[in-house]
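Student: Residue numbers (this note's numbering), protein chains in the order written: chain Y, 1 to 430; chain B, 1 to 249.
Careful: at least some of the hints might be erroneous.
To be verified - Anything over 10 angstroms on all C-beta distances counts as not near chain Y; from chain B, calculated:
| id | residue |
| --- | --- |
| 1 | 90 |
| 2 | 165 |
| 3 | 221 |
Said to hold, decoys possible - The calculated BS3-like cross-link candidates involving lysine-lysine, where the alpha carbons are at most 30 angstroms apart (straight line), are:
| id | chain 1 | residue 1 | chain 2 | residue 2 |
| --- | --- | --- | --- | --- |
| 4 | Y | 121 | Y | 38 |
| 5 | B | 165 | B | 151 |
| 6 | B | 165 | B | 18 |
| 7 | Y | 327 | B | 139 |
| 8 | Y | 327 | B | 18 |
| 9 | B | 14 | B | 192 |
For the record, the hints were derived by calculation from the structure and aren't laboratory data. All residues carry an ideal CB built from backbone N, CA and C; glycine is no exception.
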Amino acid sequence: MTNAETPVFEKAIDVFARSQAGTTEAYRRFKELGFPKKNAEEWRDFDLDRILRSPFEIDSCGALSASGEKEIDAYLCGQSGQNRIVLVNGLWQRARSILSDFEAKTLSSKNTVDPRLADEKNPFSLVNAFSAKDGVWLKPKTTCSAERPLYVYSITSTHSPGSRAAAFSPRIEVHLPEGSRSTIVFVETVLGQGSDLTNTVFAAHLEKGSNLIFAHEIHSGTGPRLTQLRFRLSETSRLDSFLFQASPSFSRTEASTDFEGPHASAFFNGVGLLEKGSETVQRWTMNHFNSNGQSNQYYKTVLGGDAKAAFGTLVNVNSNGVKTDSKQLNKNLILSDLARVISRPQLEISIDEVSCFHGSATGQPSDEEIFYLRSRGFSERAARSLLIEGFIQEVFERMPVSVSEIRLRWASQARSTLERLLDSAQRSAA
Amino acid sequence: MLSIKNVHATVEGKEILKGLDLEIRPGQVHAIMGPNGSGKSTLAKILAGDPDYEVTQGSVLFEGKDLLALEPEDRALAGVFLAFQYPVEIPGVNNASFLRMAYNARRKHLGLPEADPLEFDELLSEKLAVVEMKEDFKKRAVNFGFSGGEKKRNEIVQMAVLEPKLAILDETDSGLDIDALRIVADGVNRLKRPDSAYLIITHYQRLLNHIIPDFVHVLSDGRIVRSGGKELALELEKRGYEMLAGDPS
Chain Y
1 MTNAETPVFE
11 KAIDVFARSQ
21 AGTTEAYRRF
31 KELGFPKKNA
41 EEWRDFDLDR
51 ILRSPFEIDS
61 CGALSASGEK
71 EIDAYLCGQS
81 GQNRIVLVNG
91 LWQRARSILS
101 DFEAKTLSSK
111 NTVDPRLADE
121 KNPFSLVNAF
131 SAKDGVWLKP
141 KTTCSAERPL
151 YVYSITSTHS
161 PGSRAAAFSP
171 RIEVHLPEGS
181 RSTIVFVETV
191 LGQGSDLTNT
201 VFAAHLEKGS
211 NLIFAHEIHS
221 GTGPRLTQLR
231 FRLSETSRLD
241 SFLFQASPSF
251 SRTEASTDFE
261 GPHASAFFNG
271 VGLLEKGSET
281 VQRWTMNHFN
291 SNGQSNQYYK
301 TVLGGDAKAA
311 FGTLVNVNSN
321 GVKTDSKQLN
331 KNLILSDLAR
341 VISRPQLEIS
351 IDEVSCFHGS
361 ATGQPSDEEI
371 FYLRSRGFSE
381 RAARSLLIEG
391 FIQEVFERMP
401 VSVSEIRLRW
411 ASQARSTLER
421 LLDSAQRSAA
Chain B
1 MLSIKNVHAT
11 VEGKEILKGL
21 DLEIRPGQVH
31 AIMGPNGSGK
41 STLAKILAGD
51 PDYEVTQGSV
61 LFEGKDLLAL
71 EPEDRALAGV
81 FLAFQYPVEI
91 PGVNNASFLR
101 MAYNARRKHL
111 GLPEADPLEF
121 DELLSEKLAV
131 VEMKEDFKKR
141 AVNFGFSGGE
151 KKRNEIVQMA
161 VLEPKLAILD
171 ETDSGLDIDA
181 LRIVADGVNR
191 LKRPDSAYLI
201 ITHYQRLLNH
211 IIPDFVHVLS
221 DGRIVRSGGK
231 ELALELEKRG
241 YEMLAGDPS
């Protein structure tokens, strides 16, 4: 790419990097890699120009207006009694955090030496690495904290006083020691109506035999959102991940899991409810670098209005990944003729002795199902609602007891969103 | 209770029912038999209000009201129940919640207070016993992963819970082994009430060994061509539907 073609956002990144003392490894790597081309496989379903052509200002100070501060307090006041850590616009808010089961340290970008940066292929992850001013590093104090979840709130407050849209880089890294069991609820939310970019990295390293239950809740605002999840699984470790996304406006979530040790397992489950104007991409990658790994990906989307969703998965089994067992399943329910969904399950397998399965299905609630329920006394609207609730309930049912409170909250939020989706579908039909 | 007069019905533009008449009174059990394609299931579907079927002529009165003017859900709330030939699977919705919602919708329609979950749980346990189904059925998703026999029994459980005035059993015996057939039939017999009626659609006489009909009707080419008592079913079993060709009545 010539200088004349340098995206506006990259220029802002260069300005920011020059303003920092010294050049970080992450920035050097970013400049080598550059932003992806439009035809890049991993980005083909995402309108990258909407970010690259916007003059976001890299914001590492996270200053908030008085109204922003109040809004955050109001948002958190209903969450009392939680073991929690709060980041606002990428900055760790110590006064708002309550930590008892985890130790936390500042994750200064200058001190971040992630050995995997050299292999990082996502430029936004690299941008996050060198622009995250005050990320947080977490480790459980005991090996058994699973019963009490740690809530990690990453709040984007778009009431920043600056006139230009900002780009925030929340960064959270978690280290789970050998044999530990933890539950983390990661809530990404936007308060306010600004058009700021939130570019988040959440990375977790699961040591030998450790277990992580990871419940990830996303509520986007009007600005774009990118989230990169990075998991490293050591021998016999296990990750159970649950994602709930309600009405993201314009977002991309990329989850990459490296099976570094044998007999590790990762189970990804997710639900996305997309309303009018939503455009979202899920990109889940499983890198089976070791033997006897088990991975399972199960993602469901309900789309209304002109919502667009893309779900891409890649299961990569290299020559060491013997006896890998992997399943990918994506199901989508479309409530509008204008909604669009793209499903791209991919397998890259370098050896024979593996078991891999993938499948995808997209459709509408069938007339037969609706009539069956109506014949039991449900109105057509109630029948549709019940069918869709059942559709997503299948994912919620997989959630363990330790996150039952989250499950109930998600189910309640899902019901409200479904009502809006059905209202919208009814209005379109009329 | 039910008065069907000169009903003609089509599906996908093809006429299936060609002038069907039938009267059912409270407390009666009527059986409809007939060869494949004679219109038996079409009759069940038009009574339940399947939108894929269109009644082009004739009338259906249920307790004096125009049944055809009602939406499917309103027919259900009024007391019409169809036990499906192919019950539909509803993943993610457990039987107990589903049935409680349906039960309460009917209670609300009747001006009765809704049942709370505990109260309903007891009621459901009683109804499950009618068709010898286990308690774990409550937590299972509606018909999802059920065997053919379990699905048919589930239809009878739903019928038991909803206590309809008119129950239409569309080939409930198909796909059932001898034991399951007996369980289902015993369940139906136990649920009979003087103020309710049954319309049983079947290919075979074997179900009628267990549920004794007051009337047997033979449907052929969209019309009832012969009616009689339970002995008509035995005759059909012996002589087959071919007897209709040379023996119209």
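Student: Next, verify each hint and record whether it holds.
Tutor: Status of each hint after checking the structure:
no.	hint	verdict
1	90	5 angstroms, violated
2	165	13 angstroms, holds
3	221	26 angstroms, holds
4	Y:121 with Y:38	15 angstroms, holds
5	B:165 with B:151	22 angstroms, holds
6	B:165 with B:18	26 angstroms, holds
7	Y:327 with B:139	26 angstroms, holds
8	Y:327 with B:18	52 angstroms, violated
9	B:14 with B:192	36 angstroms, violated
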